[in-house]
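> Could you build the full structure based on these sequences and the hints that come with them?
As they're listed, the protein sequences go chains A and B. Using my numbering, the letters of the first sequence correspond one by one to residues 1 to 361. Using my numbering, the letters of the second sequence correspond one by one to residues 362 to 586.
Incorrect hints may have been included.
Simulated crosslink set (SDA-like; lysine to any residue; CA at most 25 Å straight-line) [to be verified]: (1) B:538 to B:557; (2) A:348 to A:296; (3) A:71 to B:394; (4) B:399 to A:68; (5) A:71 to B:497; (6) A:71 to B:491; (7) B:399 to A:69; (8) A:71 to B:493; (9) A:104 to B:494; (10) A:53 to B:398; (11) A:348 to A:320; (12) A:104 to B:495; (13) A:348 to A:331; (14) B:403 to A:49.
Please keep in mind that the hints were generated in silico from the structure rather than gathered at the bench.
One letter stands for each residue in the lines below.
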Amino acid sequence: MALDLDITLRFSDFDLAVNHQFASGGITAIFGRSGAGKSTVLRIIAGLEFRAKGRVALDGKLWQDDRICLKPEDRDVGMMFQDARLFAHLTVAQNLAYASRRAKGLTGPNQDTVAQDFDLGPLLGRYPQGLSGGERQRVALARTLLSRPRVLLLDEPLAALDDARKASILPYLEQLRRNTDLPILYVSHSITEVARVASHIVVMQAGRVVRSGRLEDVLSDPTAVPVLGVREAGAVIMARIIAHHSDGLTELAVSCGTLFLPRIEADLGGEVRVRIPAQDVILSLHRPIGISALNILPVVVGSIFQGDGPAVAIGLHSGDDRLLARVTRRSSDALGLTQGMACFAVVKSVAVAQGDVGLMQ
Amino acid sequence: MTFPDLSPLWLTLQLATVTTLVLLVIATPLSWWLSQTKSRAKPVVEAVTALPLVLPPTVLGFYLLILLSPQSAFGAFWVDVTGGTLTFSFAGLVIASATYSLPFMTQPLQSAFEGLGAAPFELAATLRAGPVDRFFTIAVPLAGRGFLTAIVLSFAHTVGEFGVVLMVGGNIPGQTKVISIAIYEHVETINYADAHILSVIMLIFAFSVLLVVYSMNRRFPVRMG
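What follows is the structure in structure tokens.
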């Protein structure tokens with residue numbers, strides 16, 4: 001299944017123009033600063049922006065072009081908003097039933113299964129105003145699924161939540177990613193969320209798609225640093241848990257060495273995703289000794305990208321993994337870094353934040 | 362002490378009930394349209410529906426009298442269809458009261474609908490609910506307090522009207538002699554005792570209705586999502 005998009009929408013301060021084919025299976029993150037037009041893209045797909053022009057099609061079934069424009073209720077979309085938008089006059093169970101009653105005859109999950117998957121049992125009889133923010137988002141996600149859509153549009157589903165509540169919802173999103181082959185579009189301005197749940201990324205700036213591709217490819221691409229933002233840039237790599245040590249660290253195997261992280265609550269052998277912010281990688285020509293950093297990986301310099309300003313972004317190969325470092329141009333010149341050169345990447349252990357660890361099963 | 366004739370009271374309650382029901386049917390779609398439309402005609406329609414708030418009841422009554430009289434096209438049509446005239450009849454009173462109380466139904470409803478915003482309707486649309494479905498399953502229940510306010514205000518305003526009824530309906534016992542007119546008549550004929558009794562009944566009735574409404578508001582607070 002694929003979602004085809006070729007749309008324009010004129011705003012007072014910019015024109016939105018997006019021509020993109022969204023892959024199915026996995027989560028495609030639409031990433032960008034606020035005001036980039038990310039949410040508007042979802043609203044256009046859902047049919048909620050009446051002024052939008054262009055073409056929207058799912059699997060060749062036309063939802064919108066020059067002649068036709070299906071209403072939101074006639075498109076097979078499920079949309080979840082930043083504010084859960086639960087119906088205040090209905091209980092949780094009735095909110096769920098609102099969706100499933102209108103999706104009869106379509107294939108998809110049923111209410112009991114979804115309520116169980118999302119641990120909604122104790123909430124079913126309650127009204128939305130009695131729920132916490134995290135519980136509301138859980139109900140909203142469940143309700144969206146019960147509408148049995150053929151594409152899921154998640155508009156900043158975690159943005160209104162604090163870190164603890166975010167952490168309580170993320171496992172459900174990851175479960176969703178594993179259990180469904182629906183195309184899922186996930187709008188977010190948080191790179192840590194994106195790095196944790198997405199398989200593909202579409203980067204938007206001022207109404208345009210400026211970069212798109214597989215998450216690992218884009219996040220490890222030095223030329224993508226300017227569009228992602230210098231703080232956001234950083235590669236995502238896969239790691240396998242090989243030991244939990246008594247000093248509170250977890251040891252992970254990556255393709256060319258090991259990493260030590262603050263303890264990760266996952267079983268030995270489990271695969272996890274770690275994000276290594278580019279600005280927290282230090283490069284050294286020789287293996288450093290007498291240094292407090294625990295994580296040192298042998299790497300080979302890939303491409304070097306000089307953007308505006310004093311810094312350069314350097315793509316690194318570490319076995320099968322790709323890392324990204326951001327250092328000053330002065331350092332890069334002093335070390336004489338060139339493509340193909342072997343050196344060492346020092347990853348500050350603290351830089352690999354717990355929030356950047358995603359559980360992949 | 363003799364008890365005054367209570368038929369004006371029953372007639373008033375009947376008139377207020379029928380008027381409120383008629384207004385619910387007419388004003389609900391009108392208020393919904395006003396709350397959703399981006400049409401340039403909106404301020405014009407709003408001004409027209411608010412006219413009864415500003416016009417002296419005698420002006421409204423005068424025009425209604427002309428409209429309802431058998432000499433007008435509408436009045437003549439009514440005579441053709443029903444055999445009776447609209448002026449000085451219960452049906453005429455209903456039309457006059459509905460016109461007079463229209464803003465008391467439309468304004469609370471319109472602001473209740475507007476207060477809901479677009480969000481719940483967009484969400485319902487993505488859950489495959491069409492426009493009629495959305496109206497009955499989302500707009501009506503979420504605007505519950507607006508409906509309560511609108512119903513109470515329209516009912517109470519109809520019970521309390523005097524000028525328009527006098528102009529259009531006159532003072533026919535059992536047909537158009539509502540309580541405000543009966544009280545007026547008692548006062549005119551210096552029958553203060555009966556005027557007192559009817560007035561006290563109205564006072565108690567009005568207070569009781571409002572008390573019930575405000576108690577219900579306390580016990581069933583409107584749920585905000």
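> For residue 104 of chain A and residue 495 of chain B, compute the direct alpha-carbon distance and say whether it is at most 25 Å.
The given pair, whose Cα atoms are some 17 Å apart, holds under the 25 Å limit.
> Compare the distance between the alpha carbons of residue 104 of chain A and residue 494 of chain B with 25 Å, and conclude whether the hinted pair is satisfied.
holds (15 Å)
> Given the hinted pair residue 53 of chain A and residue 398 of chain B, is their Cα-Cα distance within 25 Å?
holds (22 Å)
> Does residue 320 of chain A sit within 25 Å of residue 348 of chain A, going by the straight-line distance between their CA atoms?
holds (21 Å)
> Quickly compare the C-alpha distance for residue 403 of chain B and residue 49 of chain A to 25 Å and report which way the hint goes.
holds (22 Å)
> Can the restraint linking residue 348 of chain A and residue 331 of chain A be considered satisfied, given a maximum Cα separation of 25 Å?
holds (18 Å)
> Decide if the proposed pair is consistent with the structure: residue 399 of chain B and residue 68 of chain A, CA atoms, cutoff 25 Å inclusive.
holds (22 Å)
> Quickly compare the C-alpha distance for residue 71 of chain A and residue 493 of chain B to 25 Å and report which way the hint goes.
Within the cut-off at roughly 13 Å; holds.
> Run the distance test for residue 71 of chain A versus residue 497 of chain B: straight-line Cα separation, threshold 25 Å.
Satisfied, since the Cα-Cα distance of roughly 18 Å is no more than 25 Å.
> Quickly compare the C-alpha distance for residue 71 of chain A and residue 394 of chain B to 25 Å and report which way the hint goes.
Holds, because 19 Å separates the two Cα atoms, which is no more than 25 Å.
> Is the straight-line distance between the alpha-carbon of residue 348 of chain A and that of residue 296 of chain A 25 Å or less?
holds (9 Å)
> Hinted pair, alpha-carbon criterion (25 Å max): residue 538 of chain B, residue 557 of chain B. Please report holds or violated.
Satisfied, since the Cα-Cα distance of roughly 17 Å is no more than 25 Å.
In the structure shown, no violation is registered for any of the earlier numbered hints.
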